[in-house]
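2 protein chains.
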Amino acid sequence: MTDTEAPRERTGDRTAEALRALLDGRWAGVRDTVRERVRGELFAPAAGLSMEEHRARVADQLAAIARTEVPGYGFPAEVGGAGDFGASCVAFEMLVADMSLMVKVGVQWGLFGGAIEALGTDAQRAEHLPGVIALDLPGCFAMTETGHGSDVQRLRTTADYDPGSGTFTVHTPDEAARKDYIGNAARDGRAAVVFARLRTRGEDHGVHALLVPIRDEEGRPLPGVAIGDCGPKAGLNGVDNGRLTFDRVRVPRSALLGRYGSVAEDGTYSSPIDDPSRRFFTMLGTLVRGRVSVAGGAGTAAKAALAVAVRYGDARRQFTRPGGGGEEVRLLDYRSHQRRLLPALARTYALHFAQGELVAALHDDRTGERPLDEHARRELESRAAGLKAVATWHALHTAQTCREACGGAGYLAANRLPQLRADVDVFTTFEGDNTVLLQLLAKALLTDYRDAFGDLDTAGTVRFAAGQVLEGVIERTAARSLIERLVAAAPGRGDAEELRDRGWQLRLLEDREEHTVAGLARRLRRAGKAGGAFAAFNDAQDHVLRAARVHVDRVVLEAFVAGIDRCGDAEARRLLEKVCDLYVLSLVEEDRAWFLEHERLSGTRAKAVLQAVDALCEELRPHARTLVDAFGLPDEWLAAPIALGAEEERQETQMGALSES
Amino acid sequence: MTDTEAPRERTGDRTAEALRALLDGRWAGVRDTVRERVRGELFAPAAGLSMEEHRARVADQLAAIARTEVPGYGFPAEVGGAGDFGASCVAFEMLVADMSLMVKVGVQWGLFGGAIEALGTDAQRAEHLPGVIALDLPGCFAMTETGHGSDVQRLRTTADYDPGSGTFTVHTPDEAARKDYIGNAARDGRAAVVFARLRTRGEDHGVHALLVPIRDEEGRPLPGVAIGDCGPKAGLNGVDNGRLTFDRVRVPRSALLGRYGSVAEDGTYSSPIDDPSRRFFTMLGTLVRGRVSVAGGAGTAAKAALAVAVRYGDARRQFTRPGGGGEEVRLLDYRSHQRRLLPALARTYALHFAQGELVAALHDDRTGERPLDEHARRELESRAAGLKAVATWHALHTAQTCREACGGAGYLAANRLPQLRADVDVFTTFEGDNTVLLQLLAKALLTDYRDAFGDLDTAGTVRFAAGQVLEGVIERTAARSLIERLVAAAPGRGDAEELRDRGWQLRLLEDREEHTVAGLARRLRRAGKAGGAFAAFNDAQDHVLRAARVHVDRVVLEAFVAGIDRCGDAEARRLLEKVCDLYVLSLVEEDRAWFLEHERLSGTRAKAVLQAVDALCEELRPHARTLVDAFGLPDEWLAAPIALGAEEERQETQMGALSES
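Protein chains in written order, with full-length UniProt numbering: chain X, 1 to 661; chain R, 1 to 661.
Next up, chain X with everything else stripped away, as it sits in the complex (with noise of 0.2 Å):
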């Protein structure tokens, strides 16, 4: 429209291409399948639907997503699928167009079909497969309880193994243990996957999992399962969410998915893995791709939601600029406005990165092109159950953040920003609370200390000098050799220019990290001597979260600098260079009291820091408009009309109506 913006528009497109081909990565084409499949009347997004039209409306486009070759992706090729798990991620986290859809076919196909694969045996998914791929059999993962949730080894529903008959008796023994909020279960699901005590000659052998028929051809509840509603729910009403109670109900010895338990035809109990506590954790491990997938979609709303509200700031002006000839000032050239978005949208580049990265090692793991040993596994779980509460987070952040930004036009329905915000909400509790998450993989880190040190009783072996790298405890995540070049290569501390270099960067993240977890180790170490050990670690709480906060700022960083380091456009690389730097220094000037209080930044330098991040969001404001282009997403998912020229159009009449008159 003016002269400022031809040359963004000129140079930005081709950049725009090339940072879009660096962010679809691998899986480029199953992005471009979803972007080809996922169009037309059926998906568009649509505004005002009571909870009826919405969960039929999904429940369409489930069936339209089951005659594509989207479901196949995650299941074996025996089973007429892909066995490609990265696709799998990598389709789910596209369906924006409505993440009601999203949960839907994470539901069918990563949760339930995913179940049926990881827990089953080789017969029992040649049995069931077929049909989950197909949507023959629509089906519910049964696992949360509305007594426990996150406490999932203390379920409460029994599955007691009847020799005589051969048959286990499912029950729900009371409402607090009765299946809740599961997805699938209100309107549309035939079956579930359902987790339960198992109970046989006597013994309880802990959570198990069983393929439970919940309803029979025509939709009606089976004898003995009752079904209630979740009813409306914040977001997600295209999800009919359920509650199943079990009233005695018999199944066949044969519905126990037995690849980590089975139980004989007289009732001898017998398992691969023989600890019970292992052999539980084995079994939720072989589900982490429920948290992967839902870091990426949370990661997509995020940059939907971004895509709408930097596209508006980049249009929409309010108030004039003194002495500048009456022209109004576009939100985006507001410093304050600049602080709300493009930090966001730098931590989205970040984790993005991360993301993909994760997915790229599971898969690599799952399809044996670089099996991975147990201590690598299961760091790997854990790293996603970190970066599936910062993902979270920072979407439901962002997409209000950009909700706000947009003002009365953020919160009307047809601009599609209150439900991102709203769907994206539950991500931050379902596939297990945040907080709790954070807790996990705290843990897992003092485990690795703990096993890189030894026992902490003697003070010597605590002692770290600040910028020590402790190998036992920080394993670099991606392009090592170029991580470790880069922080070798740093300046020494003040060095003008240090806050943008990339190395002394990395070890400024690394050292916070070695610090705290170092630092709680110690504590928890120290108050486990005075106390119990729950009094113990309750009061370092705030500590455990941090220390979990900061190994994933650590591990996004590093993948992030990995991500630039695969890009070939010198142009993109440039500007990516500067959103990693933004990336970087938010996070610090975010938690520069840590580095005040711990010396590693002096007050000077923490105040150059809020400098560097004001000079960033300047250096990148032109170039915003191309950083949420270069997602990629499809003008008819986004399907906001102020991102779509809406607010243009209105300044046009205006300038027409403002020069006649």
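Bear in mind the hints are in silico, worked out from the structure with no lab data behind them. Check the hints yourself; a few may be wrong.
Simulated crosslink set (PhoX-like; lysine-lysine; CA at most 25 Å straight-line) [unchecked claim]:
#1 R/Lys578 x R/Lys607
#2 R/Lys578 x X/Lys443
#3 X/Lys607 x R/Lys607
#4 X/Lys578 x X/Lys607
For chain X, the structure is supplied; the task is to place chain R on it using the hints.
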């Protein structure tokens, strides 16, 4: 249920009563009236309504409210009101049973009626207000346009006076100038106070308000008035927001609300205020009640969300305590859970006192009990702007935190949190975008600063020692002598007990404000010399917003201190002192980077602040339930099953099932 609970309940009830009396405060009778009137089937929170059902329900509720004393509170006795400004604010803020009703009440009697009252002549009030109060004339407040919301001075709807016919022609020149987001417009409004540029005799006199009929008795739009519907929104779907477009609509000369500007038959314009800019801001200033009420309403949303989450967290158990004999731990016994809810609870208390103080001061000015000079009135208006921003962001953040703290249950509409969160969201945008309001406040602080210190050209005027009190900038808001006494008696630095010394805390926040505002003044002055005023102000945005925020923090603390001083009950007072400590120290914790950078706290001291917040969480945990009960929100309004015993019942049946098995 257990021994540990019994003592809390015995002492808690009495303390909760004492606290409630203090919180109910000066307009306790009004609060009780609303508690009495808003009950029963008609007012019960209802989840899952369609937009049309919700609008109809709220319209019925509004009609019921119209039959009570509530609408009259804010109007003068001459037109049948009570002339009780404070009562109108307090009644509004209590309507949390459905925030759509709260907003609809605010639109009809606060904004629409309030504009006629504030901007109309005596004759206009006498003519219209009785019908407004009785809801015979349902109306809208049509200020915001699609193209201009925050920048009200640039509204573009026109009102041209024609001496020939003695009428104004109200006109919308183009889509950017249509009235947008207008409450009561899409369905119910019959008239609107329309803000338009008044033009007569070839001269534009700026924005004025006219009373324009928009629908006939049958509810059909009048000729020339096009009424659109904003459709579904993130929340508040019981409010019928719409769009108004005027196509050369003629209204009589008497339609102009004439208190601050009128047009004679021949088209001569006159006003009691000569300066157009001062006139405009005087007109806006009379509308301050909207902002104040919104802050209060947001506060009640935060209270309701906390009441639900604290009650649930006090009952809900998850994970066993190692060595705890299998008993599961209550959520609120986890430090991480305490840290999510208790600082938010403390801030909610603090803001309640600040809100009460502001309402009382405005009331006393309006009713003439303690009239203010223009400077003091302007200060209150600025404070209202800042408090609105801080209170609404706090409420939004708190509602979200409470939702997450209740896990999946918090995501279900039945448990109220989704609606509270979604409704209060737009409170951060309407009645002034929060960021814009903080900028307004900061400008006012800078003006005060300039007034107090004159031109900043000479370096000599801008040198300050830490701790020096700038009387010109820091105007104590309440209990002036009490606060000065506390500050004077504060211990010096380094005293081990100082973190909980009120005088030290007051001085800390005061010092931060002085330093921040003085630094901002210097910075703008310096930058203003170097470049343009816009660039200078824009570059300093972060500093600008920060100045406003730290000002509000200090004002809120002083109000809290004054509030505690009014508390006659020793037990309640002891509790409040801790709540106040938690309020201040969690603020300091959040902002400890600043205190470190500016050498107000040492690293050791800053860590002690973290520990003090932890300790206060632990000390307040047993009283959390008491503190939320003291809000005096009837169970009927909370309505959430998880807050009303459902969780306890489930645990009892679970205990029963476990002891049987």
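Against the structure, the hints come out as follows:
no., hint, verdict
1, R/Lys578 x R/Lys607, "holds (19 Å)"
2, R/Lys578 x X/Lys443, "violated (33 Å)"
3, X/Lys607 x R/Lys607, "holds (20 Å)"
4, X/Lys578 x X/Lys607, "holds (19 Å)"
In terms of the numbered hints stated before, the structure departs from hint 2 and from no other.
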